[in-house]
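Using the sequences plus the hints, can you model the full thing?
Going line by line, the protein sequences match chains A and B. When we follow the working numbering, the leftmost residue of the first sequence carries the number 197, and every step to the right adds one. When we follow the working numbering, the leftmost residue of the second sequence carries the number 97, and every step to the right adds one.
It should be emphasised that the hints constitute simulated quantities derived from the structure, not laboratory data. Owing to the predicted nature of the structure, the values given are computational and were not obtained by experimental measurement. Wrong hints could be hidden among the right ones.
Unchecked claim - Cut-off 25 Å, straight-line C-alpha distance, at most; resulting in silico cross-link-like pairs (SDA-like, lysine to any residue):
| hint | chain 1 | residue 1 | chain 2 | residue 2 |
| --- | --- | --- | --- | --- |
| 1 | B | K308 | A | Y421 |
| 2 | A | K461 | A | L488 |
| 3 | A | K279 | B | I416 |
| 4 | B | K233 | A | A418 |
| 5 | A | K406 | A | S426 |
Said to hold, decoys possible - Per label pair, the in silico range of CB-to-CB distance:
| hint | chain 1 | residue 1 | chain 2 | residue 2 | range |
| --- | --- | --- | --- | --- | --- |
| 6 | B | S241 | A | M237 | 27 to 37 Å |
| 7 | A | G428 | B | V215 | 15 to 25 Å |
| 8 | B | I277 | A | S419 | 52 to 62 Å |
| 9 | A | M237 | B | R99 | 53 to 63 Å |
| 10 | A | P530 | B | I404 | 50 to 60 Å |
| 11 | B | A400 | A | S419 | 32 to 42 Å |
| 12 | B | K224 | A | V255 | 21 to 31 Å |
Beta carbons: idealized from backbone N, C-alpha and C, even for Gly.
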Amino acid sequence: MLTLNHELEQSHHHHKHANTSHHVGGHHLMQVENLNISFTMYESDARSYFNAKQVQSNVIHDLCIGVHSGEIVAIVGASGSGKTLLADSLMGHFEPNATVTGSIWFDGDKMDAASLKKLRGHGISLVPQSVNFLDPLIKVGKQVQGFTKSNSIKKCADKVSPKNISNNASSISNSDDANNSDDVSNTGNTNKARRFFKEHRAQRAKLQAKLFERYNLNSNVASLYPFELSGGMARRVLLCCALMDNPKVIIADEPTPGLDLELAKVALADFRQFANDGGGVLLITHDIELALSVADRVAVFYDGTVVEETAVANFANPDLLSHPFSKALWHALPEHDFFAPTGGDALS
Amino acid sequence: MLRYTLQQLLKFFLLLFAVSVVAFVLVSVSPIDPVQANVGQTAWLNMSEAKRAQLSEYWGANTPVWQRFINWLGAVVQGDLGISLRYNAPVASIIAQRFATSAVLMTLAWTFSGVIGFVLGIVAALHKDRLLDRCVKAYCFVLASTPTFWLALVFLIVFSVLLGWFPLGFSQPVGVSSSEITLFDTIHHAILPALTLSVIGVANIALHTREKCIDILQSEYLRFARSRGESIVSQIRHHCLRNIALPAITLQLASISEIFGGSVLVEQVFSYPGLGQAAVTAGLGGDVALLVAIAILSAALVFAGNLIANLLYGVIDPRIRRSGFTSFSDSVKQGGANASHDI
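Printed below as a string of structure tokens:
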């Protein structure tokens, strides 16, 4: 394991490093380069409904961002600037009218739309914003365990990367629970397969119970429905959903809505723990203060692209920041002067 | 629980009372003279004045409507629905016989339209804006705007006259003694009217299911399910079907009233001796007792449908089940309103 000195590696892959960033095996857990997303849509200012022309609307352009093992990278941008679109793209959700170009590497492998799709729940997991992301009619425990068929896990384990499932980076799977699924051969007869599914389900139930214990969720929470969860419980349940799939990278899309900074920091301690165990976290937020207090590196998202990806430490002094928008963000922080220096001019 | 039951019972009887009042008032203001309508124009013209007065006494045309209503109500409370003047038989026995015939027809139509509409709706939603979806939508829009009686006539022309697959009308073969009529005969006669009713009913159910299914497919919880690597089959099986069950049940049980309304037209076209046809006869003949009884029966059916929907909601939706029965009363109120609106 190599720890980079960020002072020496200023321009590495479009970003700057933090002390905690690690390069396992010499590559990034996740690296996005020159991502462009545009949509084919009808002109909004056409003179009449009938002669509106199709236009390409460029929402994300030339976006680069990297996540290393052991770190939390925060993408900070205004609400409505396309951050959720970015999260969707990283999980391989593309709208039919979207044109996407660029490269995404995951754990050393170059991805395409199909392989990104396979990584969902098998390497990359999403931690969504709120309890609305849980099916309102299914008990929490069952939802945390998920409905992924073990054969698809097996297939995925074979195809994408044999390391993904069996190699547990996270400490929650310290027992061999999650590993067994790989030992069973897929070629067995139906009876064997049925037994395998049953075992698999039992294993997932066990893992779910273990996760609940670890995140101080009472075991009876498993038999509650989403609408019965408190805000804090919901956040931990959503995190458990992600950890259940034993991911390498967690994408957290505004995971602490409506929490003040202190509470959000507590909530995000679980992400810190996940990163410390060797995972990577991509935290998507609009809250620069939160990003600075929990992340290792911050990517400033502005106008459809990451204008600067830098270590949190560089936010100590505006002179260490290179882009005018980052500087404006620095000035807007409460402990500074709350004053964005002629923001408009600086950006144009 | 006891309170809920009593509440529902009270609502039920209030509804039935209101329906019968409205039916009585409507019949009394109707321009149809029961004597003229029932003896026929020629017979009426040739009739002596004394005979007319006697008949009009028999039909109760001279008694004020409130008095007739009170007489009727008094009898009904004692379990006597009265005599149908048109059929010259107790209303209860006519209703029982007619209902048995209609029940076959309506159950078939209700089941077919529900199942086919549900499946078509989901298939269309999964293929949103693609060819299959457009086909389903086109079918639904055309069918939803087709008059029931016209479609019934077209089916009659095509399947009975041209192809000869199905009988022209009635609920059983003509000239066959009732002991020789088989279940096959009954179903054979019910298929064409049932088909007409279902084909029309499918449109409504399919379009609603499609819309709801699209909502669910775009919901946040389905996005999350996809993000966790669930296959499309798993998404439908575990999330779509369950969540769509609630609106589908409401829709299906609410469609009872539509099927009932449609059956009036369809039974008329197919000369199918069911409740719908009896309702038309009773209405045109000024047969208050029979008409009110049919109105009450249909109101009771619709009320029961809405009540069942509400109870099933509680079974399926934990948000209702776990918060007790209290939240029910409001939705039932709505159900009652629907029922009375329907007649």
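Which numbered hints turn out to be false for this structure?
Those not satisfied are hints 3, 4 and 7.
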